[in-house]
Amino acid sequence: MDVTLDDLARLVGGTVKGDGRTVIRAVNGIREAGPGEITFLANVKYAPLLATTKASAVVLADGTPAPIPTLSVRNPDLAFGKVAEHLGGGAWRPPPGVHPSAVVSPGATVGKNVSIGAGTVVEDGASLGDNAVLYPQVYVGREAVLGAGVLIYPQVVIRERCRVGARVIVHSGTVIGSDGFGYATEGGVHHKIPQVGIVVVEDDVELGANVTVDRARFGRTVIGRGSKIDNLVQIGHNVVLGQGCLLVAQAGVAGSTKVGNYVVMAGQAGLIGHLDVGDQAIITAQTGVTKDVPAKGVMSGSPAQDRRTHLKELASLSKLPEALQEIRRLRREVDELRKKAKG
Amino acid sequence: MDVTLDDLARLVGGTVKGDGRTVIRAVNGIREAGPGEITFLANVKYAPLLATTKASAVVLADGTPAPIPTLSVRNPDLAFGKVAEHLGGGAWRPPPGVHPSAVVSPGATVGKNVSIGAGTVVEDGASLGDNAVLYPQVYVGREAVLGAGVLIYPQVVIRERCRVGARVIVHSGTVIGSDGFGYATEGGVHHKIPQVGIVVVEDDVELGANVTVDRARFGRTVIGRGSKIDNLVQIGHNVVLGQGCLLVAQAGVAGSTKVGNYVVMAGQAGLIGHLDVGDQAIITAQTGVTKDVPAKGVMSGSPAQDRRTHLKELASLSKLPEALQEIRRLRREVDELRKKAKG
Amino acid sequence: MDVTLDDLARLVGGTVKGDGRTVIRAVNGIREAGPGEITFLANVKYAPLLATTKASAVVLADGTPAPIPTLSVRNPDLAFGKVAEHLGGGAWRPPPGVHPSAVVSPGATVGKNVSIGAGTVVEDGASLGDNAVLYPQVYVGREAVLGAGVLIYPQVVIRERCRVGARVIVHSGTVIGSDGFGYATEGGVHHKIPQVGIVVVEDDVELGANVTVDRARFGRTVIGRGSKIDNLVQIGHNVVLGQGCLLVAQAGVAGSTKVGNYVVMAGQAGLIGHLDVGDQAIITAQTGVTKDVPAKGVMSGSPAQDRRTHLKELASLSKLPEALQEIRRLRREVDELRKKAKG
Chain A
11 MDVTLDDLAR LVGGTVKGDG RTVIRAVNGI REAGPGEITF LANVKYAPLL
61 ATTKASAVVL ADGTPAPIPT LSVRNPDLAF GKVAEHLGGG AWRPPPGVHP
111 SAVVSPGATV GKNVSIGAGT VVEDGASLGD NAVLYPQVYV GREAVLGAGV
161 LIYPQVVIRE RCRVGARVIV HSGTVIGSDG FGYATEGGVH HKIPQVGIVV
211 VEDDVELGAN VTVDRARFGR TVIGRGSKID NLVQIGHNVV LGQGCLLVAQ
261 AGVAGSTKVG NYVVMAGQAG LIGHLDVGDQ AIITAQTGVT KDVPAKGVMS
311 GSPAQDRRTH LKELASLSKL PEALQEIRRL RREVDELRKK AKG
Chain B
11 MDVTLDDLAR LVGGTVKGDG RTVIRAVNGI REAGPGEITF LANVKYAPLL
61 ATTKASAVVL ADGTPAPIPT LSVRNPDLAF GKVAEHLGGG AWRPPPGVHP
111 SAVVSPGATV GKNVSIGAGT VVEDGASLGD NAVLYPQVYV GREAVLGAGV
161 LIYPQVVIRE RCRVGARVIV HSGTVIGSDG FGYATEGGVH HKIPQVGIVV
211 VEDDVELGAN VTVDRARFGR TVIGRGSKID NLVQIGHNVV LGQGCLLVAQ
261 AGVAGSTKVG NYVVMAGQAG LIGHLDVGDQ AIITAQTGVT KDVPAKGVMS
311 GSPAQDRRTH LKELASLSKL PEALQEIRRL RREVDELRKK AKG
Chain C
11 MDVTLDDLAR LVGGTVKGDG RTVIRAVNGI REAGPGEITF LANVKYAPLL
61 ATTKASAVVL ADGTPAPIPT LSVRNPDLAF GKVAEHLGGG AWRPPPGVHP
111 SAVVSPGATV GKNVSIGAGT VVEDGASLGD NAVLYPQVYV GREAVLGAGV
161 LIYPQVVIRE RCRVGARVIV HSGTVIGSDG FGYATEGGVH HKIPQVGIVV
211 VEDDVELGAN VTVDRARFGR TVIGRGSKID NLVQIGHNVV LGQGCLLVAQ
261 AGVAGSTKVG NYVVMAGQAG LIGHLDVGDQ AIITAQTGVT KDVPAKGVMS
311 GSPAQDRRTH LKELASLSKL PEALQEIRRL RREVDELRKK AKG
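Residue numbers (our numbering), protein chains in the order written: chain A, 11 to 353; chain B, 11 to 353; chain C, 11 to 353.
There's no promise every hint is true.
Repeated chains share a single entry, so a pair holds when one copy, or any two copies, can fit it.
[Said to hold, decoys possible] In silico DSS-like pairs for lysine-lysine, Cα to Cα no more than 30 Å straight-line:
{"hint": "1", "residue 1": "301", "residue 2": "55"}
{"hint": "2", "residue 1": "55", "residue 2": "92"}
{"hint": "3", "residue 1": "64", "residue 2": "202"}
{"hint": "4", "residue 1": "64", "residue 2": "92"}
{"hint": "5", "residue 1": "122", "residue 2": "92"}
{"hint": "6", "residue 1": "268", "residue 2": "306"}
{"hint": "7", "residue 1": "64", "residue 2": "27"}
{"hint": "8", "residue 1": "306", "residue 2": "55"}
{"hint": "9", "residue 1": "301", "residue 2": "202"}
For the record, the hints were derived by calculation from the structure and aren't laboratory data.
Construct the entire structure; sequences and hints are all you get.
Below, the structure written as C-alpha cells:
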C-alpha cells in the first residue's frame, strides 16, 4: 500500500517538514528501514541513528530536528502505531466461519462474523460475541462468556463460567480460570478447598503469553478495564486488579490482593496476598511487596521499602566496607587515648 | 440444592448456634454472600465484615461469636470446603466416553468410566486408570501411565513413560516430562545430554497451570504424595520432592535437589541444584537458597540465610545511614581529643 | 541392544580399564544402575558412590580410579551422552507422514520425510524443512519457516512469519512470536503499538517448556545459533541473543536488550530493557541487571553489581550488627574521654 507523507499527516494529525509527497510503503525500525519506509524515534538514546538511517521519512516529537522528511507529532509512539496499522502490518486473522475440525457445542451461542479455528473447542452454554476471533486449538469452557471483538490466539484456555470483555486480546498458552491455590491442612493432609468463583476480564484488557489467572475461591478474580499484562505473569485467586494497570513479564500477585488503578509492576516483582496497593503505585523490578502500598507509592527491594529509603540504604551499604575499617581505626585510637588518660 | 444449617452441621461434624432450620442454597464470600447463602471466616483480618454481611449463616472457628446463625467447627476452611462440595459448586466434568475427535491409540489401555475430551491424543502403550478424566486437547505420550481418578484439564502435556498417580489433578498448560536442561560443552558447542529418565507424580498431587516438570537425565524426577504445586513453578530434572510439600507460584527447584516432606516454598523462591532441604523447612518469598537447609529451617534473603540472621541484618541495615553519620562525628571528636592529648 | 565396553570405547574415543568384553545393555544413574548397565560420574560430589554402585561399568574422566570396569575419557558428560544415544534411550519420535486429523494448508510447503502429528495445524504459506518432526497439537502460523530436522513437541505455538532454524528443538507449551509488550499511553488509555516484526531462532537452538519469545516491534527478535534456553524463560521483543548462550529456568530478558555470545544467565535472573551485555558475561541466580555489562563481567545482586563488590558488601553486612554495638561502645568511651579532657 503506497501513501504519501502528507496522507499520513492527515491520518495522525501531525505536520510535515520536508517533502510531503514522499511515498511510503511500510514501517520499519530506524536501523532496519530503507527507501520507501517510514521509521520513528521515541527514545533519545537512539537519536544519533537519525544521521545514518536509510528510511525515507521519520515520525518525531514536535520540535525535534531531522535530516530527512519528518512527520512531526505530539506522541511519536502513538502516531507510529496508527501509521503501522494503516499500512497493513497487523497480524493476519483467520476468516469468519467455523473450521470443520472445530468442536462447537450446539448449546453454545455464537455471534455474527465470528471466526473459530481448526481444533478449537467451545463447550455447552458458552457465548461468543460478534466479530470474536478464536484461532485454532483454543478451549472455551461451559458457560464462559466472551465479548465482541475478542482476539484469542492459539492454545488459550478459558475455563467454565469465566467472562472475558469486549476487544480483549489473549496470547497463546494463557490460562484463565484455573483453580486457586487453596488447601485446608488437617492431619498432615492438604484437603483441596473448592474454587467455585470465576475470573472476570474487563473490556480492552490484553493478556500476554503463558499468563495464569486463577478463578476466585468464590466471587471473582478481576482484571480491570484496559489493564495490560505481559508474559508469564501470575494472578492469584480473588485478586482484584484495577483499570489501566501494567504488569511486566514474570510479575506475580498472590491471592486476595487488591491493586488500584494505573499501578505499574515491573518484571519479576511480586505482591504477597491480602494486600491493598493504592492507585498509581509503582513496584520496581524484582521487588517483593509484603505490606500495603499507598497511592503513588514507589516501592523497591525485597522486602520492599519506599524507594527513597531503599536507595539510601543501598548507598550506605556501598560505604560499609570502608566504614568497618574506620571503626577499627577509631577503636585503636580510642584505646590509645584511654591508656594515656589513665596513665 | 436446599439444605438446612442443621443438615450441614451433621455433614461436617460441627454445632449450630442460632436457628438450625435456616435454609442454605449456596456458598459465597463474606462480602458477596446474600440471603440463602452461607459464608465463612478463616482470617481474623476480615472479622469486622461479620457485622455487615448479608449471608444467612456463617462457618466459624469454635468460640468465635457472630450476629447471624453460625456453624461452629474446629477448622472453618476444611468444613467450608466440604459444604461447598456438598452444595454442588464443584467444576463441571466431561461425561464418560471418548469424544469422536479424540485420537486414542488402539495400543492404549483405557480403564472403566474414563472421559476423553475432544482433540485429546493418547499414544500407543499409554494407560489410563478407572474414572480418569481427560479434558479436551490433552496429550498423553507413549507408555505414560495415569492412575485412577486423575483429573487432567485442557492442554496438559504428559510426555512418554511418565507416571501420574491416583487422583492427581493437573491444570491447563502444564508440561510433565519435558527434557532436563543438560549439555556437555566442548569446543564452544553445547552438546545435548540425552534425558532418558521419567517423571513420577505420586498419588494425590495437584499441579497448577503452566507448571513445568522435567524428566530425569536417568532415573526419576519425583513429586511426592500429596504435594501441591502452584502455577508457573519449575521443577528441574532429577529433583526429588517429598510428601505434602507446598510450592507457591513461580517458585523454582533446580536439578538434582532433594526436598524433604512438608517443605513450604513461598512465591518466586528458588533452590539451586544438588541441595538437600530438610523436612518442614520453610523458604520465604523470593528467597534464593544456595546451601543445604536443615529440617525445620526457615530461610530468607538472596543468598538465603537463617531467617533470624537475615532479619537482624535487615534491621541493622536500616540503622546504617545514621550509623555512618555517627562514625563521622566520632572521627571528628577523636581527632580533636588526639590533638589535645598531643598538645 | 547389547554392546561391549570395547565397542563403546571405539564409539566415543576413550580407553578401557578392566574387562573390555563387559556387556552393556543400557545407561543409568550411579544410584539406579544395575548389572548390564553403564553409569558415569561427572560431579566429584558423588565419587563415594563408585564403591557401592551395582553398575557393570562406568564412564570416568581420565585418571580417575574406580573399582569396576571403566571407560576413561576426557569429557565424561559428552561421552556418556553419545553412549546413551547409541544405546537407544532417546525419545520416541512420531513416524513420517501426516496424521489424518492434522490440518495442513494446501498452501504450505512440506519437505521430505516430515512427521506431522494428530491435531497439528500448519497454516497457509508455512514451510517445513526435510525431516522436520511436529508432534501432535502443534500450531505453525502463516508463512512461518521451520528448518530441516526441527523437533517440535506437543502444544508448541509458532506464530506467523517467524523463522526457526535447522535442528532446533522446542519443548511443549512454548510460544514463539507472541506480540511484544508495547503501548502508547494517552489520556489514560494504553493504545496497543502494533508488533509487526518477527522472531528468528537460529540453527541448533533448544527452547525448554513454557518459554515465551515475543516478536519484534519491527525487525527481529533473535535467539543466536546454538543457544539453549530452559523452561519458563521470557525473551522480550527486539532482544538479540548471541550464540551459545545458556539461560536457566525462569530468567527474563526485557525488550531491546542485546546479549553477547556465550552469556550465562542463572535461574530467575533478569535483564531490564535496552542494555548491552558483553560476551561471556555471567549473571548469577536471581540477579537483576540494570546497567550494561562488560564482556566476561560477573554480576550478582538486585540491583546487580560486579560480583566481587557484591560479595564484599554481603560480607560487611554480616558484620554490621556487631559493628553497630561497637559504635555505641565507642560513643560512650569518647563521651567519657571528652568529659575528662574538659574536666
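Do the hints match the structure? See the list:
1. For the homomeric pair residue 301 and residue 55, the shortest alpha-carbon distance between copies (14 Å) is at most 30 Å, but the shortest distance inside one copy (36 Å) is not.
2. In this assembly of identical chains, residue 55 and residue 92 lie within 30 Å of each other by CA distance solely inside one copy; the values are 23 Å within and 48 Å between copies.
3. Proximity of residue 64 and residue 202 under a CA criterion of 30 Å is satisfied inter-copy only: 26 Å between copies versus 61 Å inside one chain copy.
4. Proximity of residue 64 to residue 92 under the C-alpha cut-off of 30 Å is restricted to the intra-copy arrangement: shortest distance 22 Å within a copy versus 49 Å between copies.
5. In this assembly of identical chains, residue 122 and residue 92 lie within 30 Å of each other by CA distance solely inside one copy; the values are 27 Å within and 42 Å between copies.
6. In this homomeric assembly, residue 268 and residue 306 come within 30 Å of each other (Cα to Cα) only inside a single copy, at 15 Å, whereas the closest approach across copies is 32 Å.
7. In this assembly of identical chains, the alpha carbons of residue 64 and residue 27 lie at most 30 Å apart only when taken from the same copy (17 Å versus 65 Å across copies).
8. Both within a single protomer and between protomers do residue 306 and residue 55 lie at most 30 Å apart by alpha-carbon distance, with minima of 27 Å and 25 Å respectively.
9. When the C-alpha separation of residue 301 and residue 202 is checked against a cutoff of 30 Å, the pair qualifies only within one copy, where the shortest distance is 27 Å, while the shortest distance between copies is 32 Å.
The structure shown violates none of the earlier numbered hints.
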